[in-house]
Amino acid sequence: MLASSIRSTAVRSSRSIVRSEVCPSVASTSRCLSTASATTNSTTNKVNDKSNLSQTAQKRGFASPTSPNSMATPVEVAQPDIKAGLGSSQGSGKNLLNSVLSSAPKYADANRPIYLDAQSTTPVDPRVLDKMLPFLTNQYGNPHSRTHAYGWESEKSVEEAREEIAKLIGADAKEIIFTSGATESNNMSIKGVAQFYKSKKNHIITTQTEHKCVLDSCRKLQEEGFEVTYLPVQSNGLIDMAELEAALRPTTSIVSIMTVNNEIGVIQPIKEIGQLLKTKGAELSKQAGRGSSKPFFHTDAAQAAGKIPLDVNEMGIDLMSLSSHKLYGPKGIGACYIRRRPRVRMEPLINGGGQERGLRSGTLAPPLIAGFGEAARLARQELAYDHAHISRLAERLRNNITAKITHVLINGDPDGYPGCQNLTFQYVEGESLLMALKDVCLSSGSACTSASLEPSYVLRALGLDDANAHSSLRFGIGRFTTEEEIDYVSEKIISVVTKLRDMSPLWEMVQEGIDLSTIEWSG
Amino acid sequence: MTGSIAPTRREILTLYRQYLTTAKSFSSYNFRTYFLRRSRDMFRSNLVLESSSNPSSSSASSPFSKSSAQAVRSSPSAMVSSSTPPPSSREEKVKLFYQQAVDDLKVLQRSALINRMYEGEKLVVEKPKLVVVGGAEGLNV
Ligand SMILES: Cc1ncc(COP(=O)(O)O)c(C=O)c1O
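Residue numbers (this note's numbering), protein chains in the order written: chain A, -18 to 504; chain B, 174 to 314.
Bound-form chain A, shown alone (with noise of 0.2 Å):
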């Protein structure tokens, strides 16, 4: 706890530094003065400058600038002589747009898959591009230099992105950092805190059904010697709140439990979750010792964000991880909300030069902030809308291959993301069936962690079987998903399952009405 308050202070106190070294000499400094004032007559403007030189330094201290291209044109100094070279003036480039648009390729047949991976990752909207090109053009500035207006504009662009962000969750702007992505967030989150805190509590609670980042980065504190509950689901997917409840020691210092989880969308009862943290946690709590402060809530809601409305007010979450590439943004880029009031105390991953402050340094990228900002904007005002879109195609999905093959079970939840349907096809070979749908992509599972062939966990914690697992399909559906598409893939899968079960001894069996327990498999 010390040695974090020193470390931000000194942190706050390089910063001061920097600030006084900004303007060295008397003329710069009034060269800089001069643009913070660009309007002022310049024949005043160098007595001003002197007279306010204390006043002006200190709000350039601050370095936020609201109007960044004012404070860009230096007033003071004479223009140089302007050489103009070649390539100082621009052509009209008048042929230029209809030279690229007719070379650029052209495909003559259709051949490629239709998507339906949604969960492991969406297509950039076209807006959120337009909103970061600027920053991978003209505008490169470092958003940490504070001495120039190629920071400033950088800084402001992910501020403002920063805002729409925390919006999108109903949070302060302050309470965000930018991270790489969702993983690095529950990362930061879990091992952060638990760490923080671990002269007074060493125990954590999580779910069979994470995220493998959680479940290892969980692994990782278990062999330094924390105890790691993790939680078993309902055949539905959805944790059993008396279990919770019953799994809360006065020792228990983060629990984690993600929002919509990324295999089967079933949505944990995330505000309940709040509520007894705040209540028999907080009590808990309490009987271990002074200012021990109640267990902390950390949900990973990067399959969740923009998706389902999230308030962390509402909810009592105090930590929560985002990710820009499940919510139409650009990949590498994330968030982590850390609740301010009362603050959760954490110790940083990476350290350096103090950014994001302190808790993950490193210079942020501002083309990607600007994607996910712009992201989380749509992804606000385009909810109710893609929700009823996504559920539409969602509900079409399962009665086109209902209607037409039996033994297909549904799992997680009914009343789960619709967005995240995992069906399994019973009697049929989950890779067999991938292998014959090589027009739609599709994930099994356990793709989504990594190219394993191993039968998901997350199933397998539902109580599916090796083969029941074996043979299920995950159906991501998102935004620019089509009614077409979701015929085509029906079509197909109906046609592929027929064909499969048909060549299937096994399923002759059933249709027989053998039931398959009963056999004794030998040799």
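A couple of the hints might just be wrong.
[Said to hold, decoys possible] Not the full set, but computed from the structure, chain B residues with beta-carbon under 10 Å of chain A:
hint: 1; residue: 203
hint: 2; residue: 210
hint: 3; residue: 280
hint: 4; residue: 290
hint: 5; residue: 294
[What the hints assert, rightly or not] Between beta-carbon pairs, the in silico distance windows are:
hint: 6; chain 1: B; residue 1: 194; chain 2: A; residue 2: 487; range: 53 to 59 Å
hint: 7; chain 1: A; residue 1: 494; chain 2: B; residue 2: 194; range: 57 to 63 Å
hint: 8; chain 1: A; residue 1: 330; chain 2: B; residue 2: 179; range: 50 to 56 Å
It should be emphasised that the hints constitute simulated quantities derived from the structure, not laboratory data.
Glycine residues also receive a C-beta, built at the ideal position from the N, C-alpha and C atoms.
Fit chain B with the ligand to the known structure of chain A by using the hints.
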């Protein structure tokens, strides 16, 4: 917003047409179909629905934020939190909608252009085929 005159019916229809042409010029099937659907729903829910005096549609926060007739019916409009205060009159509302739609069209046009420059292979569903009445038949032959 103050000072500008409310758009005429003709102006709105022209803008609507521009949206449709822009949406159609995307080379990616999924973006093309999405923006067509979105543009239709956006204009219809804002103009058609309201002129038949449907009071339940939410206030405009962006042209893209409008829920379609279907969306409004199938999900609570409260799911979309609007950042702009509800415009006072119907005329104000249309004006606001129009101005935002004009701005967003520029984004859409640039997006379509970029999408065209990096055209990719067509999807299997785009395969030219005999049009069979009723949709999904005739596939997978
Ligand atoms: C629930 C969940 N958490 C975390 C991740 C990882 O996110 P990222 O790719 O941003 O690290 C994923 C994506 O696979 C996910 O579905």
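Cross-check of the supplied hints:
no., hint, verdict
1, 203, "holds (4 Å)"
2, 210, "holds (8 Å)"
3, 280, "holds (5 Å)"
4, 290, "holds (6 Å)"
5, 294, "holds (4 Å)"
6, B:194 to A:487: 53 to 59 Å, "holds (54 Å)"
7, A:494 to B:194: 57 to 63 Å, "holds (60 Å)"
8, A:330 to B:179: 50 to 56 Å, "holds (55 Å)"
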